[in-house]
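A.B. asks: Here is how the chains run, residue by residue.
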Amino acid sequence: MRSSVIALISDLGAKDYFVGAMKGTILSINSNAKIVDITHEVARHDVRAAALALASAANAFPEGTIFIAVVDPGVGTKRRCILLQTKNGLFFIGPDNGIFTLVAERFGIAKIYEITNKTLMSPKISPTFHGRDIMAPVAAHLTLGVEPAEVGPEIKTIQLIEIPHPELTQSELSGHILNADNFGNLVTDIDTTAALRFAKVGENLRVKIEDKVLEVKFARTFGDVTAGECLCFIGSSGTLEFARNMGNLAEELKIKIGDKLIIQR
Amino acid sequence: MRSSVIALISDLGAKDYFVGAMKGTILSINSNAKIVDITHEVARHDVRAAALALASAANAFPEGTIFIAVVDPGVGTKRRCILLQTKNGLFFIGPDNGIFTLVAERFGIAKIYEITNKTLMSPKISPTFHGRDIMAPVAAHLTLGVEPAEVGPEIKTIQLIEIPHPELTQSELSGHILNADNFGNLVTDIDTTAALRFAKVGENLRVKIEDKVLEVKFARTFGDVTAGECLCFIGSSGTLEFARNMGNLAEELKIKIGDKLIIQR
Amino acid sequence: MRSSVIALISDLGAKDYFVGAMKGTILSINSNAKIVDITHEVARHDVRAAALALASAANAFPEGTIFIAVVDPGVGTKRRCILLQTKNGLFFIGPDNGIFTLVAERFGIAKIYEITNKTLMSPKISPTFHGRDIMAPVAAHLTLGVEPAEVGPEIKTIQLIEIPHPELTQSELSGHILNADNFGNLVTDIDTTAALRFAKVGENLRVKIEDKVLEVKFARTFGDVTAGECLCFIGSSGTLEFARNMGNLAEELKIKIGDKLIIQR
Numbered sequence: 001m002r003s004s005v006i007a008l009i010s011d012l013g014a015k016d017y018f019v020g021a022m023k024g025t026i027l028s029i030n031s032n033a034k035i036v037d038i039t040h041e042v043a044r045h046d047v048r049a050a051a052l053a054l055a056s057a058a059n060a061f062p063e064g065t066i067f068i069a070v071v072d073p074g075v076g077t078k079r080r081c082i083l084l085q086t087k088n089g090l091f092f093i094g095p096d097n098g099i100f101t102l103v104a105e106r107f108g109i110a111k112i113y114e115i116t117n118k119t120l121m122s123p124k125i126s127p128t129f130h131g132r133d134i135m136a137p138v139a140a141h142l143t144l145g146v147e148p149a150e151v152g153p154e155i156k157t158i159q160l161i162e163i164p165h166p167e168l169t170q171s172e173l174s175g176h177i178l179n180a181d182n183f184g185n186l187v188t189d190i191d192t193t194a195a196l197r198f199a200k201v202g203e204n205l206r207v208k209i210e211d212k213v214l215e216v217k218f219a220r221t222f223g224d225v226t227a228g229e230c231l232c233f234i235g236s237s238g239t240l241e242f243a244r245n246m247g248n249l250a251e252e253l254k255i256k257i258g259d260k261l262i263i264q265r
Numbered sequence: 001m002r003s004s005v006i007a008l009i010s011d012l013g014a015k016d017y018f019v020g021a022m023k024g025t026i027l028s029i030n031s032n033a034k035i036v037d038i039t040h041e042v043a044r045h046d047v048r049a050a051a052l053a054l055a056s057a058a059n060a061f062p063e064g065t066i067f068i069a070v071v072d073p074g075v076g077t078k079r080r081c082i083l084l085q086t087k088n089g090l091f092f093i094g095p096d097n098g099i100f101t102l103v104a105e106r107f108g109i110a111k112i113y114e115i116t117n118k119t120l121m122s123p124k125i126s127p128t129f130h131g132r133d134i135m136a137p138v139a140a141h142l143t144l145g146v147e148p149a150e151v152g153p154e155i156k157t158i159q160l161i162e163i164p165h166p167e168l169t170q171s172e173l174s175g176h177i178l179n180a181d182n183f184g185n186l187v188t189d190i191d192t193t194a195a196l197r198f199a200k201v202g203e204n205l206r207v208k209i210e211d212k213v214l215e216v217k218f219a220r221t222f223g224d225v226t227a228g229e230c231l232c233f234i235g236s237s238g239t240l241e242f243a244r245n246m247g248n249l250a251e252e253l254k255i256k257i258g259d260k261l262i263i264q265r
Numbered sequence: 001m002r003s004s005v006i007a008l009i010s011d012l013g014a015k016d017y018f019v020g021a022m023k024g025t026i027l028s029i030n031s032n033a034k035i036v037d038i039t040h041e042v043a044r045h046d047v048r049a050a051a052l053a054l055a056s057a058a059n060a061f062p063e064g065t066i067f068i069a070v071v072d073p074g075v076g077t078k079r080r081c082i083l084l085q086t087k088n089g090l091f092f093i094g095p096d097n098g099i100f101t102l103v104a105e106r107f108g109i110a111k112i113y114e115i116t117n118k119t120l121m122s123p124k125i126s127p128t129f130h131g132r133d134i135m136a137p138v139a140a141h142l143t144l145g146v147e148p149a150e151v152g153p154e155i156k157t158i159q160l161i162e163i164p165h166p167e168l169t170q171s172e173l174s175g176h177i178l179n180a181d182n183f184g185n186l187v188t189d190i191d192t193t194a195a196l197r198f199a200k201v202g203e204n205l206r207v208k209i210e211d212k213v214l215e216v217k218f219a220r221t222f223g224d225v226t227a228g229e230c231l232c233f234i235g236s237s238g239t240l241e242f243a244r245n246m247g248n249l250a251e252e253l254k255i256k257i258g259d260k261l262i263i264q265r
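Residue numbers (the numbering used here), protein chains in the order written: chain A, 1 to 265; chain B, 1 to 265; chain C, 1 to 265.
Repeated chains share a single entry, so a pair holds when one copy, or any two copies, can fit it.
Each computed DSS-like pair below joins lysine-lysine, with the alpha-carbon atoms no more than 30 Å apart:
(1) Lys217 - Lys124
(2) Lys78 - Lys118
(3) Lys15 - Lys254
(4) Lys15 - Lys217
(5) Lys15 - Lys208
(6) Lys208 - Lys254
(7) Lys124 - Lys111
(8) Lys118 - Lys156
(9) Lys87 - Lys118
Bear in mind the hints are in silico, worked out from the structure with no lab data behind them.
Chain A on its own, in the form it takes in the complex (with noise of 0.2 Å):
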């Protein structure tokens, strides 16, 4: 089943013409198609970055829809464009440079083709922006019926970025620092499950962050602890977050992404 929505997400910012470019390419195809942004501001070059909020996105998406994903410091040279399909029913267009990698930890893969129809691309390809000669049209003729298989060769693997994971002995919980929100709050690549085998909603945790060390409470939401105070809960994408509450814990710590956090209890 496809739908006739496609989602964006690219480092390509809001203030060039990119986007724009893009979207009529989409629309010159099919003036129905529902274009949907994610985001366009994933840090310049940022794979892992887009990886994860593609990711923690594209769940709340209806089955069929088609993702595209321009975070491309490769565009132009060897590197594949792929259509990636999911267990769950969603397709991805984006180059072949681990930027699928975590859907297609937490979907599943179901089929993976190399782009190379040429009748499904523009007449004129630029060799730095596939994204709108490339990726966006053939998203628009997946909207149009056209079958996944007929946009290339099927391929047996994608490229795959490392992923840090958190680790769990008796006393301290381990993990990394994923990504700082609009907010200042630190999103963590420990999950549900593995946070709620170390600690309990409720209890009093210690963090350290690089060299910092924070106490915080394990909380349900910021109202749970008192302006000012710091907390971790279980975020909205499903992995542990730290906040400070009406405050801005990643510019308070500096915080680079990537950093390693250890809880202690």
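Given the coordinates of chain A, work out where chains B and C should sit on it, guided by the hints.
C.D. replies: Below, chains B and C without anything else, positioned relative to chain A:
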């Protein structure tokens, strides 16, 4: 009458997956919903700024439009989620934290419901993201024909925030800075009627904003004064605004939202 | 032929209610209009930057698309609002301040109308926001089948802004920086023909940008040079661009828009 337009306003920012997840949730329930962004760049947790932007934009939308307002520092606590129907036929979904103070004041309250019907929400509700798990699905169901009364029990009052009001004496008109827009223009709480009762377009006025004093011309539009001159004018949202033509008055005066101003003839 | 696609470009920014109000106005007239943002982050009052972004994006859109361009420092003065129809079947609505210089040059002018028909505008027109009160409703009416000639009298000329042009001598090709994109790549006004008349892909060139000198490779795409090396290439909007692979040349060189560059072999 309800339309299929859902308009979003929030402090969720452009860089994270949050807004994308709300849109995906809506489209999963009604793939024909027409989703429009007002802004997601409301200053973090600034309920008053959101109330103002919402009241300024809402009137332009078609009857039956459903607005979702997510500036929600109390998410997951006992604060209610509500559906407000105004007398001009618009619907507003959001936290009961005062965010609807101005639309209630300007458009009048027809009905208010507390949102409690779990069958209209996502099966799993994150205590930190009701925008995605409660408000978005309820809005989507409304576009499909669910009646407002189905969302939960009718209630009689909503939380209000204090909005400063202007004061007019014989020699002075005083008010407050409600917003500094993208151009550095200062939006005040002085409405058209009060402004025109105090002075006439064409007059020269003197304004004190905290400890700074400016000479301004009461003009129709920017081009009525030369580049570099100051003016005030009835702004596009119906209140008095102050600007320096081709300048940025907010930066120049280091304005803070809420600053008091006194206009003298 | 007209489509129901309305594409928006402006300097109105993302944080205010402005763009939301334009969209609401359009949907109030035609709730089936398909509204697409090109960008609202054009530098404040920068008509030339808007002209460039518009010309770069427009070609990707379907025939009949209606563009609204709101970079309008003269709003409310005697400057006209116009509707421009180009020879490739696109429609442009905006102030007559030169913002359509490049689309007129690239696509050719079919017809120009001054917008004067008040029955197609909002009943109340703010002298500081014609984007919402004149341009948005006129565009919406066009998507409903109103004929271009109904908006007002045909006129013969539009305001043009001076766009610098490149110069080619036997030993030098000179041009100007038109834009620095989200990646810090420098977009010039040197078109493909001029660039390929002067040099061949694969050649090493020397470029002087104001008082700085760079050695660059004329490449197809970023991956043709190693990380940290400089390159020039035919960019996705058809003109020569300069970049440092995985770097940010605009920041590094403190580029100002309009800076002159001279390329030597």
